[in-house]
Amino acid sequence: MNKQISLAHSVGLGFLGLACFIGLWHGLATSGLVPAVFLPSPVDVYDRFSTLLERRFAGATLPGHLAASFQRFAYGFVLAALIGIPLGLLMGWYQVLDEIVSPLFDALRFVAPIAWVPFAALWFGTGIGGPIMIIFAGAFPPCVINAYRGAKFVDPRLIEAANMLGTPSHRVIREVLLPSSVPSIISGLRVSAGLGWQSLVGAELIVASAGVGYMMVQGQANVSTTTVMAGMVAIGLVGLALDSALRLIERIIQRRRGLDQ
Amino acid sequence: MPRRVLIGFVTILVVCILWYGMTTGLGIIPSGRFPSPAETWSALIHVSGRGYGGGDLAIHVYTSLRLVVLGFLFAIATGVPLGLLMGWSRRAEAFINPIFLIIRPIPPLAWIPLAILWLGLGDAAKMMVIWFSAFVPSVINTYAGVRNIDRPVLEAAYMLGMPKARFVTEVLVPGASPMMFTGLRLSLQASWTTLVAAELVGAFYGIGRVLNVAQQDLYPGMILVGMIAVAILGWSTTKALGMAEQRALRWNTAALAARG
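Those sequence lines, one after another, are chains A and B.
Per this note's numbering, numbering of the first sequence is gapless, rising by one per residue and ending at 261.
Per this note's numbering, numbering of the second sequence is gapless, rising by one per residue and ending at 521.
One or more hints might be untrue.
Stated by the list, open to error - So, partial list: chain B residues that the calculated Cβ filter (under 8 angstroms) puts toward chain A:
{"id": "1", "residue": "280"}
{"id": "2", "residue": "481"}
{"id": "3", "residue": "492"}
As the list claims (entries may be wrong) - Which chain B residues stay away from chain A? Per the calculated CB distances, all over 12 angstroms, these:
{"id": "4", "residue": "286"}
{"id": "5", "residue": "298"}
{"id": "6", "residue": "299"}
{"id": "7", "residue": "317"}
{"id": "8", "residue": "331"}
{"id": "9", "residue": "334"}
{"id": "10", "residue": "430"}
{"id": "11", "residue": "434"}
{"id": "12", "residue": "452"}
{"id": "13", "residue": "506"}
Derived by calculation from the structure, the hints in this document are not laboratory data.
From the three backbone atoms N, C-alpha and C, an ideal C-beta is built for every residue, glycine too.
So that you can see chain A by itself, here it is in the shape it has in the complex (with noise of 0.2 angstroms):
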């Protein structure tokens, strides 16, 4: 490793790396090399962002959108959650399970969520229920997965320590291993959050009639490269938001155990 520096040095170049970005991007679409329809100047693109918290654009508001989005987000990230933790948890307690819905989900594991588009709005339409699926297919597996690992990896010491001492299996599953999976878990919805959130953008560019993604889409179609960037900002926020959110409900999460033990 190079050498250390101190935290000051390291905050100032942090300051001069964005500076640089901005600068330089800055730069370029204000002089002329590169028209503006192609390379808006950061000003540009915070004037469209604020303009769009206020006015319509293809049909509503940022803000609207961005509730649109959210709410087949929110109901495609729970259901994940809701079918695929008990799964993954199951499979991680019963062997036969595992055996049987492994090669199912390692068949499916490889088609890309946004590959189930089509079907998706065959199947549900192109308004609320198709989106919700595709977010349903990208956050699915993380759930599944991380389940299984902490329901796997409870140390035998600690289910042998129970059995010995008589607990029945039912005080077993609640109080040795489903709390030894809680941080596996958590940090599985986090990752499901992040690949749901990234799924409904994709969703919403192919198939929606409202969303953030759509807004994009529309803004693409209109040639107006701010309207897309906005968005892009927009989703990376929300994005930005969720992952903190989780992470600080991993971080409590760990502290009351931290206090328990």
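Given the structure of chain A, go ahead and fit chain B onto it with the hints provided.
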């Protein structure tokens, strides 16, 4: 594990029988919703013989595979060196990390409209989004891989006065490679997802194009063929990468054992 294989085999068999039974046999699932095995077969014959969505199956597979492989290789060629640099130099890390922090939350799929605006519906736009989706995981995992190298190994290399070039090829790259390959696998998956999405949004050839046209034509047999093609391509490229990994990590028995 013969028991595991046997149960897996029986499961797949039961699913196939159910598929046949529910569609052709009992007709519970109408063919407008999900194709029967016969319809799927005829769709496969259709696309590989007469062609569908602008070309035959070989052209679509070739187009998609070529784009993923090229985009992926291009992302590795740019992402791995940047990751090595960021892992090695604290200054480079401090300089570049904040830029990553603001770009990373934007999912690769969200770059598709911008790529189409900039580069149109052809191969260049797809290369751009694939590069983007594969670039970020390869940088981050290479960087984490370098940080995971045991300090004594690095110090020994320094102390023995190893020349810079040899230090990179014989210490940095091999040391980071277990994590690097994890990143490459994520990159590969991301590449496929992004390519299919980009082709669904707009393309002239490719598996995503087949899926898109089949969706508009309400042709469930062809949709299933497209999905199976995506799965097979994803599976075989992942296997190929796994083989490369086995070769590259042959010296590192601990890392190989950890991977099973």
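Structure-based check of each hint:
no.	hint	in the structure
1	280	violated (12 angstroms)
2	481	holds (7 angstroms)
3	492	holds (4 angstroms)
4	286	holds (20 angstroms)
5	298	holds (16 angstroms)
6	299	holds (18 angstroms)
7	317	holds (19 angstroms)
8	331	holds (18 angstroms)
9	334	holds (19 angstroms)
10	430	holds (17 angstroms)
11	434	holds (15 angstroms)
12	452	violated (10 angstroms)
13	506	holds (17 angstroms)
Of the numbered hints listed earlier, those contradicted by the structure are 1 and 12.
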